[in-house]
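**Q** This is what each chain is made of:
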Amino acid sequence: KQEVTQIPAALSVPEGENLVLNCSFTDSAIYNLQWFRQDPGKGLTSLLLIQSSQREQTSGRLNASLDKSSGRSTLYIAASQPGDSATYLCAPRGTNAGKSTFGDGTTLTVKP
Amino acid sequence: ETGVTQTPRHLVMGMTNKKSLKCEQHLGHNAMYWYKQSAKKPLELMFVYNFKEQTENNSVPSRFSPECPNSSHLFLHLHTLQPEDSALYLCASSQDRADTGELFFGEGSRLTVL
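So the sequences go chain by chain: S and Z. For the first sequence, the numbering used here gives the first residue as 1, with consecutive numbering after it. For the second sequence, the numbering used here gives the first residue as 1, with consecutive numbering after it.
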């Protein structure tokens, strides 16, 4: 059974800082790994999707890396802004039944 | 309309009521999912439908009854719920169940059971 851990659980930084969110998973048999953002009481917004054959993906100030063999992914946010405040979730999608398993998320607060 | 749309956004019901949650996707996807998100718990997969057929029921109590009349619509029928069923119910879709594409979510239906 896939287990997903996200560290840290919460993070508070001043505006402008670069930061790294970590995701680890126990089963490396995955199709892909997706990073999401969730604002309070809202649904999940897809940020980046990394296929199992890829090492990283970039979108604007976001960069996600994947090391499938070690079961790790990181989300790098450059020049953080207050609007980046949200909970960030990672979800590896297993090759067994194509199921995505979610971590508990990292709640990010960026202070002006 | 585009993306994944869920209605209602908020629902309050008593334990003896019967209500339904609706999800509609305009992405041409073939797989649809129901997830439950409770406070301080990770998202839990409830049901998966692929090409209108239920392919997964993650040990969900029978008081939750899904229905998928076509690839674009997914319902979750609710009856005799318990207060611990109060949660955010999220619908998602993807191209198909086992593909390598993205998972897209709706805004969720916030359910409160009194």
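Derived from the structure by calculation, the hints contain no laboratory data. Check each hint, because a few of them may be wrong.
[Claimed, not checked] Reference excerpt, derived from the structure (chain S facing chain Z, CB under 7 Å, subset only): (1) Asp39; (2) Pro40; (3) Leu49; (4) Ser100; (5) Phe102; (6) Thr109; (7) Val110; (8) Lys111.
Note that the structure is a prediction, hence the values are computed from the model and not measured. Note that CB positions come from ideal geometry on N, CA and C, so glycine has one too.
**Q** A separate judgement is required for each hint: does it hold in the structure or not?
**A** Right, here's what the structure says about each hint:
1. Asp39: violated (10 Å)
2. Pro40: Violated. Min distance 10 Å.
3. Leu49: Check passed: Cβ of Leu49 (chain S) comes within 5 Å of chain Z, closer than 7 Å.
4. Ser100: With Cβ-Cβ at 6 Å, under 7 Å, it holds.
5. Phe102: Status holds, d = 4 Å.
6. Thr109: Violated: closest Cβ of chain Z sits about 17 Å from Thr109 (chain S), beyond 7 Å.
7. Val110: violated (22 Å)
8. Lys111: violated (23 Å)
In summary, the numbered hints that this structure violates are 1, 2, 6, 7 and 8.
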